[in-house]
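Student: This is what each chain is made of:
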Amino acid sequence: MKALDLQALSKNFGGLRAIRNVSLEIEEGERRAIIGPNGAGKTTLFHLISGFLFPSSGHISLMGRDVTTLQAYQRAALGIARTFQVTNLFQKLTLFENILLGVQAIQKARFCFYRRVMSFRGIVNETERLLKEWSLWEKKDVLLKNLSYGEQRQIEVIIALATRPRLLLLDEPTAGLAPAETTLVTSIIKGLPREITTLLIEHDMDVAFEIAEKITVLHFGSILAEGSLEQIKGNPKVTEIYLG
Amino acid sequence: MKTSEVFKGPFLLVFLFAVLVLLLPSLVSNYYVGLVIQIFILAIFAMSLDLLVGHTGLPSMGHAAYFGVAAYATGFLYFAGIKNFWLVVVLGMGLGGLTAALFGLLAIRARGPYFMLITLALSQVLWGIAFKWRSLTRGDDGLPGIGRPGIGLGIDLKPDPHFYYFVFVIFLIVLVALFILVRSPFGYTLRGIRESESRMKALGYPVWLYKYLGFIFAGVFAGISGVLWVYYTGFVNPSNFGIDLSVKALLMLILGGSGSLFGPVIGSGIIVLLENLVSGFTERWSLVLGIIYVAVIMLFSEGIFSGIKRGRN
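Going line by line, the protein sequences match chains A and B.
Residue numbering for the first sequence follows our numbering, starting at 1 and increasing by one per position.
Residue numbering for the second sequence follows our numbering, starting at 1 and increasing by one per position.
Next comes chain A alone, as it looks inside the complex (with noise of 0.2 Å):
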């Protein structure tokens, strides 16, 4: 089945042609990448794909459903789960309540309010458990403005994933980390379960080369090339406009 299908579609700003007539599918369990140049259409792409953006025409499907009218949130409890450009977190929450509440969002008790969270155990246990696996049950008590960047964009993936995603959505995981933190959040992308169909927007080549299987280039709004590494590699169009 396709994780997502996206029809001829196109995103328009005023005369800005952002999207023109991309049309994109994702197998389930598929790790594509997308790259090009800024400016590409990279962030509208993943905006129109999570319902942050609407598109102007076109079509996007998710595991098969018709989501092009859907919310954001309809979208996120389909099973899309994003991260952002920009760290997008709660700063003033600490780390545990970051992740609870990335927990919380797929449980019917969201709406619960007449009952302590804390006593909500399967909610309480899952966020143990996925801050001892990523090892940071030692920081869960501290405000997550106080974690180094590094930590924050590490929490960013961890976030999404804790709502159990079926297609993943990653925008510049790496953008600004050093690289010792770029190696570790790239393993731990590729560390991902192999049902979780990943889409990547990366500017760093050698991150998604590392990760991705397929690669997908935009280039002003539309689809230049799409093809396996080797293939991308030899395109001579991608060669002049991206890889200098």
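Check each hint, because a few of them may be wrong.
[Said to hold, decoys possible] No farther apart than 25 Å at their CA atoms in a straight line, the calculated lysine to any residue pairs in the SDA-like style are these:
no.	chain 1	residue 1	chain 2	residue 2
1	A	Lys108	B	Phe179
2	A	Lys92	B	Trp208
3	A	Lys92	B	Pro144
Hints listed in this document are in silico derivations from the structure and should not be mistaken for laboratory results.
Got chain A; can you put chain B on it based on the hints?
Tutor: Only chain B this time, still in chain A's reference frame:
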């Protein structure tokens, strides 16, 4: 400071505070008992506003709307012969919540300063109605002569000390209810929205609905304070809808510290005591208050409650 520390609170202090509260009517004159009644009622009002300001990040400038609706409802019900507190408070909460449900539809789409202005405008509409619709509300003369309600159990609320204990019990019930609410999954979600709406949407939370429900909860709890206030003062007038009252509650949050439960209570205590004590010494009491407000905001930008806690750590 850790967010979760906000919830631990100084329990020994709370115990001593409770003993003081219980003995108070035998220690001081009725004038001071009256001030403490005001503190408790306005603390309920400020805590209900804090649900929006401190927890959800919605800076409402028109919170008096729900206080006033419940206040006028209490007045009208009294003159219609309905004097049972429990019935009136349920109706007051319902009307506060209903008004919030209507206003929320208009206000929640706006953000930041626009949200402040639209909530202010909506509450001023109610103020205008109370002021101008003389045949119903008697305008700025208000509705005087509202007596204390019956609560069953053979307890007479007419003496201020009796009413004082009663208000304290209601205050405790509200405190416990809010204590649970802000720690519930719903409460955590509100704080998530305060920190990042877009992240909450990406996680799958229907953000608008949570804000709307939070808005209604705030209206319901504000309704309780409106009912109690009218039974304490014995009259209703348009100032129950006034911008002074909305801003006073915001000042309580700023002074005491928002996003915590004790902050608004401390803020209410400071403002009620200052207003009454300073005005006893000088005619220029509002100037003195203004200077104190500025000084506190400069010294404790997160409120006095967080200032105290930081000092302890």
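Student: Now look at each hint and say whether the structure bears it out.
Tutor: These are the hints, each one checked on the structure:
As the CA atoms of A/Lys108 and B/Phe179 are separated by approximately 21 Å, the hinted pair is consistent with the 25 Å bound. For a cut-off of 25 Å, the pair hint linking A/Lys92 to B/Trp208 stands: about 21 Å separates their Cα positions. A hinted pair counts as satisfied when its Cα atoms are at most 25 Å apart, and A/Lys92 with B/Pro144 does not qualify at roughly 47 Å.
The structure does not agree with numbered hint 3 stated previously, though it agrees with all others.
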